[in-house]
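Engineer: The lines below spell out each chain.
Protein chains: 2
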Amino acid sequence: MTAADAYSHLESRFRRIAVLEECATVLHWDAAVMMPASAAEPRGDQLAELRVVLHELLTDPALGELLSAAEEAPPEDPWAAANLREMRRDHLHAAAAPVDLVAAHSRACSACEARWRTAKGEDDFAAVRPHLEEVVRLSREIGAVKGEALGLDPYDALMDQYEPDARADDVVPVLEAYAAFLPDFLAAVLEKQGRAPAPAAPQGPFPADGQRALVRDLLARVGFPFERGRLDESAHPFSTGYPGDNRITIMVKEDDPSMAVMASLHECGHALYEAQLPSAWARQPVGRARGMAMHESQSLIVEMQACRSPEFIAWLAPRMSAALGPDPAFEPANLKRLYNQVTPSLIRVEADEVTYPAHVILRTRLERALMAGDLAVDDLPGAWRDELSALLGVRPDTDREGVLQDIHWFDGAFGYFPTYTLGAMTAAQLMAAAQEARPEIPARLAEGDFTPLLDWLAGAVHSQASRYPTQEVIRRATGRPLDPTAFQAHLKRRYLETE
Amino acid sequence: MTAADAYSHLESRFRRIAVLEECATVLHWDAAVMMPASAAEPRGDQLAELRVVLHELLTDPALGELLSAAEEAPPEDPWAAANLREMRRDHLHAAAAPVDLVAAHSRACSACEARWRTAKGEDDFAAVRPHLEEVVRLSREIGAVKGEALGLDPYDALMDQYEPDARADDVVPVLEAYAAFLPDFLAAVLEKQGRAPAPAAPQGPFPADGQRALVRDLLARVGFPFERGRLDESAHPFSTGYPGDNRITIMVKEDDPSMAVMASLHECGHALYEAQLPSAWARQPVGRARGMAMHESQSLIVEMQACRSPEFIAWLAPRMSAALGPDPAFEPANLKRLYNQVTPSLIRVEADEVTYPAHVILRTRLERALMAGDLAVDDLPGAWRDELSALLGVRPDTDREGVLQDIHWFDGAFGYFPTYTLGAMTAAQLMAAAQEARPEIPARLAEGDFTPLLDWLAGAVHSQASRYPTQEVIRRATGRPLDPTAFQAHLKRRYLETE
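Going line by line, the protein sequences match chains Z and B. Quick note on numbering: the first sequence equals residues 1 to 499 in the numbering used here. Quick note on numbering: the second sequence equals residues 500 to 998 in the numbering used here.
Worth flagging that the hints you see were computed from the coordinates, not collected in a lab. Think of the CB as a built atom: it goes at the ideal place given N, C-alpha and C, for glycine as much as any other residue. Please note that the accuracy of each hint is not assured.
[As the list claims (entries may be wrong)] What follows is a list of derived Cβ distance ranges for each label pair:
1) 165(Z) to 726(B): 39 to 49 Å
2) 197(Z) to 531(B): 30 to 40 Å
3) 13(Z) to 603(B): 41 to 51 Å
[Stated by the list, open to error] Here are some chain B residues pointing at chain Z (derived, C-beta under 7 Å):
4) 529
5) 531
6) 548
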């Protein structure tokens with residue numbers, strides 16, 4: 001078989017894998033949005049069985065042979081060559097862990113996550129501790145075998161699952177530099193903020209239907225493809241889909257429309273990335289979005305960079321009044337302060353963009369120690385309190401507001417948290433480059449027009465899919481690889497230099 | 500390997516198959532209820548890929564060897580023995596048709612069904628004719644190879660896919676006996692009906708939310724498991740699900756609440772059958788519902804036998820007034836006439852229970868001729884008009900109201916139509932036996948109480964799953980195999996003897 005034939009067979013096999021992944025996507029969406037709780041167990045079985053089928057397809061020795069044959073003479077077309085590189089990556093990751101270990105890890109995560117849901121409600125870390133210990137043990141094993149296969153440190157092998165090529169040697173200094181930057185900067189922000197009146201909060205209730213209509217209007221303006229997608233509601237907002245079908249969810253709280261408005265814009269950023277991936281490479285590894293950090297950058301460039309900018313908030317404020325009824329909180333000056341309020345707090349998902357990285361730094365420090373065996377699960381709640389207190393000067397009284405707040409570890413996701421802050425930093429750097437290339441962006445946002453920003457993103461990021469490694473995408477888009485000073489410059493401008 | 504070991508391996512393999520079938524169920528539901536139209540093509544790919552995986556699992560030669568090994572000494576437990584019988588059945592059907600033929604048929608059906616949707620709207624049979632010819636050609640091939648493998652006539656092999664053990668030698672005489680019974684009976688019904696005033700139709704609009712609330716109340720009363728299921732809306736009402744998750748859909752028309760009310764009760768009958776299958780045999784072939792005729796009998800015993808009975812309608816009438824507002828149509832005497840009105844008409848899905856079998860007889864005659872090669876697709880529209888005219892004295896002016904009205908053939912379902920009327924006849928026979936065993940059923944229906952009827956059905960039908968062949972289920976429940984005179988007796992009682 002020629003290398004070209006082998007590559008062509010690989011495209012067929014990976015297409016099949018992608019199509020079956022899409023089946024899992026639909027089942028996940030349904031589980032979060034539609035499914036009765038009684039079906040949690042059968043749905044778990046369904047997803048696990050699909051995982052087994054996918055694992056078998058990806059680890060088929062014949063696929064490994066095809067890869068070796070194709071690599072003898074890689075395709076000349078640069079997209080096809082990149083596709084072959086991504087195929088090898090997928091195969092390496094899947095084949096690195098024995099199927100029994102993958103299955104044991106998957107079962108432990110399901111059991112742990114289910115126990116976590118009740119333990120969080122009851123603020124009972126001890127109840128979920130043995131489950132988490134098992135998940136940590138199996139995650140360390142996976143890190144070890146994947147690290148062995150990929151020639152990486154175990155934690156790097158875990159991170160590489162979410163953000164290809166991310167390495168602690170690069171990521172940790174970036175995060176720790178922020179930890180060093182934060183204390184003085186935060187003090188300055190709080191000092192400046194304290195000189196203005198505290199922003200008024202909206203006085204609800206704001207009927208859910210009015211919020212939904214407002215969200216639909218805003219999403220249509222940003223460009224959410226309603227004719228090729230859905231907007232629904234779920235306990236946690238998320239974005240998912242496959243070509244031809246982009247779905248996002250929001251949570252509507254009658255007492256506070258900010259949740260629905262800002263979360264929908266955030267998820268819309270994710271959805272637009274997916275919707276604008278190159279259709280010619282759909283269902284091939286190279287056609288996928290480029291890692292979780294880049295994905296988060298696309299949600300944050302829409303939400304944090306564009307929609308919380310003074311220009312857009314000035315446009316948004318009267319529309320909130322019109323849709324939800326007048327409220328002093330919707331006065332432009334107040335809304336700007338409200339949507340850029342900085343408050344050290346206990347809960348990551350409620351954090352502002354200045355303190356959010358501190359929550360990520362805390363988690364990254366602790367999960368690296370867990371994976372290295374330097375921290376016992378038993379000591380986790382106390383370590384959490386101490387770290388948060390040191391980073392932000394606040395200390396949770398309960399584990400519900402501490403170590404139990406996030407699902408990620410209880411669902412086996414170690415190495416994921418850093419992508420949130422890498423995404424925020426990437427978003428700031430991309431926005432600076434976008435505005436340099438298209439100086440009209442702020443003025444157009446002031447008219448509620450996202451076209452120049454999204455055109456630029458489509459060209460620089462969305463249409464690139466996984467053709468290049470993350471750092472190369474950033475370099476091509478901005479002239480240099482990830483440079484955390486762009487994020488600091490953005491924060492200084494928004495929180496210290498803007499009135 | 501011992502026979503017992505082989506059987507145990509088979510249970511694992513068939514469990515896996517059932518779980519992946521559940522994935523397809525969720526994808527089908529989503530396609531009908533939630534999915535944007537833009538995703539029709541990728542969803543078709545997703546379902547086709549799942550079909551390929553399932554076909555590979557079912558036709559795996561190792562599975563054939565396990566079956567042979569297990570059959571050397573079948574399990575003593577009668578459920579397990581029946582399970583082995585059903586496993587063999589599934590394997591025979593799957594292995595009979597070569598995978599290329601199955602794939603070609605599946606592709607032809609997808610293309611034909613898509614073309615049919617527009618052709619129906621445009622009343623353009625010629626546009627879909629070449630597609631239907633291809634579907635007929637491939638369906639005949641499937642009938643031939645399955646007939647060969649199963650030792651059956653090709654049409655019987657096709658029917659056997661939907662209703663195990665159904666044979667034209669048994670089914671056709673039953674249907675043709677009804678064709679002989681119908682003319683005089685229909686004349687008598689129409690004559691009697693003509694002596695009373697025509698029933699008043701409800702004068703809408705009836706707001707959709709009021710209809711939805713009424714439907715929810717009715718379904719709760721019949722016993723629909725809302726806590727383990729969903730009620731949604733779709734272009735055509737249907738019922739689907741898997742253990743722990745029963746979903747039905749309705750269509751709400753503001754001008755006529757009958758559609759939502761009666762279709763929901765019909766689908767609820769299907770759902771209760773699924774919900775009360777024995778959990779001990781879930782995800783095994785023997786644990787499934789016993790064929791499409793029995794399934795239809797469960798929807799019709801709820802809708803036609805129970806809910807259109809004079810006793811239940813007397814209970815229902817004031818509740819419709821209360822939920823939807825007073826309307827002369829909701830007067831009990833009028834509602835009884837309205838819900839038992841007999842009108843020879845063009846459209847099967849709108850037909851009353853007296854003329855419905857004529858629509859089925861028409862389709863059975865024509866599809867047998869198509870499968871035998873005695874009728875060309877080109878001659879189908881004319882043959883349709885002539886047959887309907889002979890059976891019911893009405894003649895469609897358009898193909899939209901004729902051969903284009905149903906999706907079934909265009910989606911490759913030949914051998915399915917007879918199950919509708921077999922189901923109606925089974926329902927009548929089961930209801931007679933139920934009332935003999937539980938004489939309080941009519942009086943309880945007059946109180947809106949389905950308990951005795953559903954208790955009896957749970958014992959006689961639902962809990963039996965696929966342990967026995969259909970005719971044996973009917974014999975055990977009613978003392979004799981299917982006897983079409985029970986249906987005729989029911990019709991005479993309801994339409995000639997009831998005031």
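Engineer: Hint says 39 to 49 Å; check whether the CB-CB distance for residue 165(Z) and residue 726(B) agrees.
Structural biologist: This hint holds: roughly 47 Å between Cβ atoms.
Engineer: Would you say the C-beta atoms of residue 197(Z) and residue 531(B) sit inside 30 to 40 Å of each other?
Structural biologist: Since the Cβ atoms of residue 197(Z) and residue 531(B) sit about 54 Å apart, the hinted range of 30 to 40 Å is violated.
Engineer: Does residue 531(B) hold up as a contact with chain Z if the rule is Cβ-Cβ below 7 Å?
Structural biologist: Since chain Z brings no Cβ nearer than about 13 Å to residue 531(B), farther than 7 Å, the hint is violated.
Engineer: Less than 7 Å between beta-carbons is the criterion; does residue 548(B) satisfy it with respect to chain Z?
Structural biologist: Holds: closest Cβ of chain Z sits about 4 Å from residue 548(B), inside 7 Å.
Engineer: Take the shortest C-beta to C-beta distance between residue 529(B) and chain Z; is it under 7 Å?
Structural biologist: At 6 Å from the nearest chain Z Cβ, residue 529(B) passes the 7 Å test, so the hint holds.
Engineer: Given the hint of 41 to 51 Å, check if residue 13(Z) and residue 603(B) actually sit that far apart at their C-beta atoms.
Structural biologist: violated, 21 Å
Hint compliance for this structure: hints 2, 3 and 5 are broken, all remaining hints hold.
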